[in-house]
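Each residue of the first sequence is one higher than the last, beginning at 1 in UniProt numbering.
Any given hint might turn out to be false.
To be verified - Dumping the calculated DSS-like pairs for lysine-lysine here, alpha-carbon to alpha-carbon at most 27 angstroms:
{"#": "1", "residue 1": "Lys575", "residue 2": "Lys536"}
{"#": "2", "residue 1": "Lys67", "residue 2": "Lys110"}
{"#": "3", "residue 1": "Lys536", "residue 2": "Lys566"}
{"#": "4", "residue 1": "Lys373", "residue 2": "Lys492"}
{"#": "5", "residue 1": "Lys566", "residue 2": "Lys539"}
{"#": "6", "residue 1": "Lys67", "residue 2": "Lys134"}
{"#": "7", "residue 1": "Lys326", "residue 2": "Lys373"}
{"#": "8", "residue 1": "Lys110", "residue 2": "Lys134"}
Note that these hints are calculated values from the structure, not bench results. Since this is a predicted model, take the numbers as computed values, not measurements.
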Amino acid sequence: MRNPKSLLSSCIRDPKTLSTLHALLTVSGTLSSPSSIADSLSRLIFSYARLPDLPSALLLFDSSPHKPISAWSAIIVSHSRHPHHLLRLYHRMISGPTTPDSPIFSVALKACAASSDLDLGRSIWARAVDSGYKGDAFVGSSAVKMFAELGAVEDARRVFEGMRRRDLVSWTSMVSGLARAGFAVNAVEIFRRMRSDGYEGDGVVMLALLRACAAIGDLRLGRSVHGRLLRRSAGGGTEIETSVVDMYVKNGEARLAVRVFEAMRGRRSAVTWGALIAGLAQNGLAADALGRLVEMQRIHGLCPDSTALVGALSACSQTGSLESGKSVHGFMTRRLGLGLELEPISATALVDMYGKCGSPGSAEAVFHRTGTKDPILWNVMISAYGAHGLGREALSLFLEMRDTGVAPDGVTFSSLLSALSHAGMVEEGLAWFERMVGEFGVHQDERHRACVVDLLARSGRVEEAKRLVESMEGELGTVVWAALLAGCLNSKGSETGLAVARRVFEARPDDVGIYALVSNAFAKAGRWELVAEARKAVKDSGRRKVPGYSAVEVDGAVHGFVMEDKSHPQFGMVKQVLGRLYQQMRRLDCAPEEEFEVLDFGKF
DNA sequence: TTAGGGTTAG
């Protein structure tokens with residue numbers, strides 16, 4: 001047998017490459033063992049990749065006239081962190097005679113997931129099946145994850161069910177894939193099957209499961225997962241415990257989340273803080289969320305990541321804390337390098353915050369400065385205009401969105417219709433309500449219907465609104481009825497309101513809030529016996545209406561106002577101003593009628 | 001020297 005050095009010489013012509021190769025092989029002791037050339041070549045490629053020196057790995061690979069499967073495998077796997085390069089190499093390979101092996105199929109499928117290329121993913125999987133890798137646990141797990149992550153849940157399921165043997169990782173891919181794709185119930189089902197197949201499950205499955213519990217609000221299962229983690233000596237580690245915090249806040253259990261969070265002292269990362277801050281904001285605990293943002297920086301010296309900042313912005317939006325919102329914005333800007341722009345999620349949260357805190361101009365400025373505009377960013381900007389009665393601006397931004405080639409979705413039309421409604425642009429509203437289906441293929445759901453009913457009713461066309469509701473097909477939800485009732489209450493006359501209220505009341509909706517409208521409509525018609533009946537129905541159901549709430553910030557302090565709440569120190573003055581406004585409304589003939597006044601303003 | 005892993009906006 002020829003010695004390894006001469007064998008290598010015949011494969012690699014570049015002397016410089018060869019000398020490096022030789023040196024490396026000598027150092028690693030490979031030359032003294034009887035390993036094959038192919039083996040040495042792939043080892044050398046991996047050695048370069050580990051440095052990491054991918055250009056040299058590529059040079060070596062390219063300069064070798066013989067490219068055995070192990071060399072292809074080595075060069076492709078070495079590019080795992082560069083999905084686009086990896087896929088280019090994959091294409092190069094399949095245009096030649098060599099068939100990919102299991103590692104190549106695995107990493108190529110993973111790369112498709114990373115570059116969101118479902119079509120390529122499908123074709124790679126098809127080739128893997130043709131090449132006999134259908135039952136391969138590695139290839140199968142990668143395919144399951146890729147399909148689930150790219151929304152092709154049925155394909156993921158088919159791959160998974162077709163696997164001959166499943167190990168812990170393939171089970172986990174399926175549980176996690178379903179949980180991520182929003183099929184939380186199915187994720188839990190697969191987990192149960194996994195248990196009955198004899199797998200206990202490790203931390204990674206627990207993460208997927210916690211995600212599923214968070215999504216479907218399965219607090220019982222969530223608590224049992226938490227319990228299992230506590231019974232294990234370690235408790236799970238930072239990642240898992242962070243997921244526990246997240247699972248509790250998403251289930252509305254902010255107190256439990258805080259308890260877990262406090263118990264994590266010393267093991268909390270910026271991500272943990274971010275999960276808590278965002279969660280507190282989601283639970284309406286805006287002040288707590290903002291307090292935690294300060295605490296993490298001042299007391300714990302941690303730098304908040306964008307999740308924590310976005311959570312804090314959402315808290316500012318809820319309470320109208322413009323000053324806090326501005327300081328978060330300042331923080332974000334300072335942290336960006338020159339010429340860098342905000343990521344879409346942060347930009348969206350900022351636009352939303354400015355829109356809800358009364359600064360549509362600042363919202364606009366952030367919007368225009370953001371280069372990559374996704375649909376959600378357009379939507380929040382349209383809403384920001386709408387919230388300030390800027391119907392024309394909302395409409396022209398919507399048209400710009402369409403002309404830019406960004407497809408409007410259901411939320412876009414809710415924002416648009418609501419903006420047009422609040423600006424009194426009735427005809428435009430009706431027209432776009434029609435066009436959203438025909439021209440854009442967006443399904444009209446309850447929110448859109450409610451918007452249009454509101455649009456008509458608000459402008460005094462209550463009868464038309466009622467006819468529209470009557471013409472609507474399918475089950476009508478509370479939102480539509482509420483919009484119609486509110487319209488009736490705001491317009492002259494009480495006949496239509498009474499008729500609608502009767503129908504709604506007979507249907508006994510679950511939503512407690514609508515009974516207030518029903519009761520007001522009865523009162524407006526002077527039917528006090530029905531008022532008493534409606535109130536009794538609410539009382540008997542044992543539920544309470546969540547009070548309406550509004551807030552305004554003056555000199556950095558937020559003042560909240562709740563129905564029937566007289567606790568504000570300047571309550572007397574507020575009432576006086578409201579009284580003056582009411583007088584003005586009367587002069588302009590847009591004040592509510594007397595009976596209504598008694599019921600509504602009287603409580604203030 | 002191949003596969004599964006935490007938080008975020010309307």
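Unmet hints by their number, sorted upward, for this structure: Hint check: 1 and 4 fail, others pass.
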